[in-house]
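Visitor: So the chains spell out like this:
Protein chains: 2
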Amino acid sequence: MSSQNSNGVLPSTQALLAEVERGFSASTQRLCDFLRIPSVSTDPKFDAETRRCADWLVAELTALGFKAEAAKTIGQPMVVAHHPGVGPDAAKRPRILYYGHYDVQPADPLELWNSPPFEPVLVDGPRGKRVVARGAVDDKGQVMGIVEALRAWHATAGGPPCPVTLMIEGEEESGSKSLEPFMHEAKARLAADVCVVSDTGMWDIATPAITTRLRGLVYMEVTVHGPTRDLHSGMYGGAVPNPINVLSKIISELHDGERRVTIPGFYDGVGELPAQTKAQWESLGFNDGEFLGDIGLKEGFGERGRSTLERTWSRPTCDVNGIFGGYTGKGAKTVIAAHATAKISFRLVSKQDPAKIAKAFEQFVNSRLPAGCRAEFESHGANSAIEVSESSRFLAAADRGLRAVFGKAPLLIGTGGSIPAVGSIQRILGMDSLLVGFGLDDDCVHSPNEKFELECYRNAIRSHAAMLGEFAQMTR
Amino acid sequence: MSSQNSNGVLPSTQALLAEVERGFSASTQRLCDFLRIPSVSTDPKFDAETRRCADWLVAELTALGFKAEAAKTIGQPMVVAHHPGVGPDAAKRPRILYYGHYDVQPADPLELWNSPPFEPVLVDGPRGKRVVARGAVDDKGQVMGIVEALRAWHATAGGPPCPVTLMIEGEEESGSKSLEPFMHEAKARLAADVCVVSDTGMWDIATPAITTRLRGLVYMEVTVHGPTRDLHSGMYGGAVPNPINVLSKIISELHDGERRVTIPGFYDGVGELPAQTKAQWESLGFNDGEFLGDIGLKEGFGERGRSTLERTWSRPTCDVNGIFGGYTGKGAKTVIAAHATAKISFRLVSKQDPAKIAKAFEQFVNSRLPAGCRAEFESHGANSAIEVSESSRFLAAADRGLRAVFGKAPLLIGTGGSIPAVGSIQRILGMDSLLVGFGLDDDCVHSPNEKFELECYRNAIRSHAAMLGEFAQMTR
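Quick note, the sequences are listed as chains A and B, same order. Position 149 of the first sequence, counted from 1, bears residue number 156 in my numbering, the numbering being contiguous throughout. Position 319 of the second sequence, counted from 1, bears residue number 326 in my numbering, the numbering being contiguous throughout.
Chain A with its partners taken away, still in its complex shape:
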C-alpha cells in the first residue's frame, strides 16, 4: 500500500479511497457528461461530435495538471496527455502509460433501447444504481475510472506520484487505423515501463480480474457479385446464380460437423492449453448455466469436446457479424439481387497468423464461386492473439492494489475479445500491457441498453488509485 517512502510523503491508500468517496457523486456527473457526447467513430456524420468528445477529455486532463492535446491523426483525434509526476522522486519511479478509447459503437438498433443511448440515465438494478448509455462501460466508464483516480491523486498529492502518460484513442471501435502510425511518430512521448489498459472485465461484481489472454481478430467483409443488375426472380429464377444463395452456401461451409473451421491451415499455430492453465480454469468455478441463461440459452453451441471457457478463451472461432442483400424492406419483392455482402470475423489464439488466415479465407471463398460470380473483399482489421506473462512485477503490484480495494486476490483470466492496441503497443513501444478492467458479462457491450454498475465504476476509480500507489513503491 502507498504510504510514506524515503523521498517524500505519499498519501495513504485510505486517504485516496476517502477522496474517491468524497468526489464520487461529481465523478458520476462527469461520466454522464462524457457519455452525452455521441462519439461514434465509424460513422462520418458523428465526426464533429467525436472531435468534441476528444476536446472534452483534453479539458478534463488539463485541469488535473496534465499537458494534454487532441493530436491530429489520419483519422479521429488522439487524446494524449502527460504529467511528469509530483516531487523530486517521481523520475525514479516507473513510467505508466494508460491506454483506453473515447469512441463508442453505433447505437443501433435504436428501437431496442429503453432510453436514448446518448442521454445517460441512472437506473436502479439488483446491484444498486447503474448508468445506462452507449459507451457506459466500453470504454468511457473505464477511461473515467483512470481519470477520476488521477483526480483523487491530484486532490491528495497535487498530482500522480509517477510519470504518467495517457493515450486515449478515438477509433478503437472502427479499426484503429491511426493508432500504429501515431505510435511510430510519437514513440518518444509515449515511452513508459508498462501500459495499463482498462477495457476488460471482472470475474464477478465482487471479484477483480487481471486478463492475461486475449484472442486476436481477423475481420473481413466479402461481397459476392452475380448478375450485373437486380433481376425479376420469375423471369430468371432457377437459371442464374443467386448471390445470396451462393454466399449462404459458402458461409455454411466455413464449419464442419464438429463446429471446427474448415479453412485450410486455419488451426496452424493453435496450441493446446497447458495442463496447469486448464486446471486453474477448472478451479474458477465458472457457471455455464448462468453465463448462457442470461442470454436465453440452455446449452452452449460450439466446437465439440470443449468447455464454454475453452471455447471463448482459448479456441479460435468464425462468426458472421452482419449480412445483407436483396430486398430488406417490409413485405415481398421478387428480386434476384446483383450482389450480397457478409461481414465475417475470426477470433484467433496462440500463434495463428492473421495475414495468412485473411488470405486463406479469400481463397476459400474464391474457390467456391460458381461461374458468373466474383467476390470482392475488404479487410476491417487483422491482429494476433496476446498472452501476457503472469509473473511480471507490475502484475504483482496490481495484485496488491486490487487486494487492498476488494479484500481478495484478483483472478487471472482470459477473454474471448480482442484489444488490437495491446499487440501494437508491444510491437511498437516495446512494453507489456497490464489488463485490469471492471466490466461485467451482462453489461450489454455493443448492444442496446449498455450499462455500467456504479459499484463497478466506484471500484474502478478506487483500484486505479490504489494500483498507482503500488507502482509508486517500485523503482523504474
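Everything hinted at is true.
One copy or any two copies: either way a pair holds, since identical chains are not told apart in the list.
Only pairs whose alpha carbons sit at most 16 Å apart, straight line, appear in this in silico EDC-like list of lysine to aspartate or glutamate:
#  : residue 1 : residue 2
1  : Lys366    : Glu228
2  : Lys337    : Glu180
3  : Lys337    : Glu228
4  : Lys337    : Asp115
5  : Lys136    : Glu462
6  : Lys337    : Glu385
7  : Lys358    : Glu279
8  : Lys337    : Asp54
9  : Lys285    : Glu394
10 : Lys363    : Asp275
Since the hints were derived computationally from the structure, they do not count as laboratory data. Please read these numbers as outputs of a predicted model, since none were measured by experiment.
Knowing the structure of chain A, use the given hints to seat chain B on it.
Guide: Frame of chain A; chain B shown alone:
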C-alpha cells in the same frame, strides 16, 4: 379474319387496322396522359393519384359507350366497365372479359432514371421510338392496347361486336388484396366465356406469343432467433449459436449438388414436360447467350440437365430474395446478432400445392435449428402454377388474329413469372385466361427507365382489334 357474317356486317380487319393507324398518334398521346398519373398503389401517399387514375380510365371507357365505374373495394378502386356489344347478334357471340391493372410499381431508385418516371417521353431507340415512363409496359401500355382497340371498333362499328367487360385493378403491384373479394361480390357482372389478359411478353419484336404456362409462387419470410440480445462476438463467439450462421446453413441445405430443392415432397405434382412441348420449345431457337449475356453471365446456373427455358418455364425453384441480420452499416462491428431474416420464394409448376410447400418449408427450417434457436414465419403469398390448354378454341381464334397482324403464327411459350389473378379468375369466375402480351425482355419492368416500344404498342392495339374480330366469328 373478321368480315361479314350471317347476322350483320362486321368491319374488315383491314378497315380496323386502318382506323388504328389513323388514330395512332392520338392513342400515343392518351397513353402519355395515362402514364402521367402516378398510380403507385403500394404507397398511401399516392392514394389520391391512384384514385384519379381510375377515374381517368372510367372517363375514357364511358366515352366509348361503356357503362363504367371505379368501384369501391377494401383497397384501391376497381375499374369495371361493360358493353353489351353492338347489334342483335352480339348476345349470341362469346362474352369477353379483359383483365389488366392501372397501378404501377414504385419508381425508386429515382436517381437511376434518365427522365422523371411520371413525365413520359418519346425517345429514339434502335427499333424506332419508345415511350419511357413508369408503367409504360407494366401494365398501362398494355391496358391501352385493349382500350384503343375498342376505340377502333367504336369508330368503325359503333362498338365491340361481342359483349365486353373490363376489370382493371389498382392493386396488382401491391398484393391484389381486393381482387378476390371483388370477384366474389361481382361474379354475375363479370360472367364471360374467356378472360383476355395482356400483361406478358412477345417472343421478339416481330413475333407474337401466347403464354400458356405461368409458374406459381410461395413467398415466405423466416426469422431465426438465437440469444435474447445482440452479443459481443469476442465474449461469446464460439460458444453460442449465431443466427446468421444458422440461417445461412439452412439456406445452403435447400439445394443439393444437382441444384434440386431438398424439401421433402417439394417435387410432388411436378410433371415432366410432354415430348411434344419439349420439341416445340427446342424449335423456338431460344438464344441462351443473349439472354444471359444481357445480364453479364456466360453460362446458366441451375438444376442439372435442364435447359435455360426448362429452368425458367417448367421447373420449380427456390431463391432467396432478401437477407439481413447483424451489423449492416459501414465498417466493422463485432456483434453476434440476436436474429437474422431471409425472404425466400419458391416458383411452382404443374400441380405443386402451395400450402403444402409452405408447411414443408417451415418443417424443413424447424428441424434444422440447433438448441437455443427458434424460427418465426410470415407468408407473403401462395399461389399455384397455371397451365392453359393449348387446344382451346379461343386460343385458336387468337392465333388467327395474331397471324393476320404479324403475318406469322404466335409462339406458345411459358413464363417464369406469376400472375396470381389468372388463378383467381379460374377458381372464382370459372373461366380460362388467354395470355397475349406485347412486352419485350429489355423493357425494364419494375426497374428504372421502364419503356414500351411504340411498335409494340401499335401491334398491341392492332392485335386486340383483330382478335376481337375473330372472337366475333364464334358462337357463345
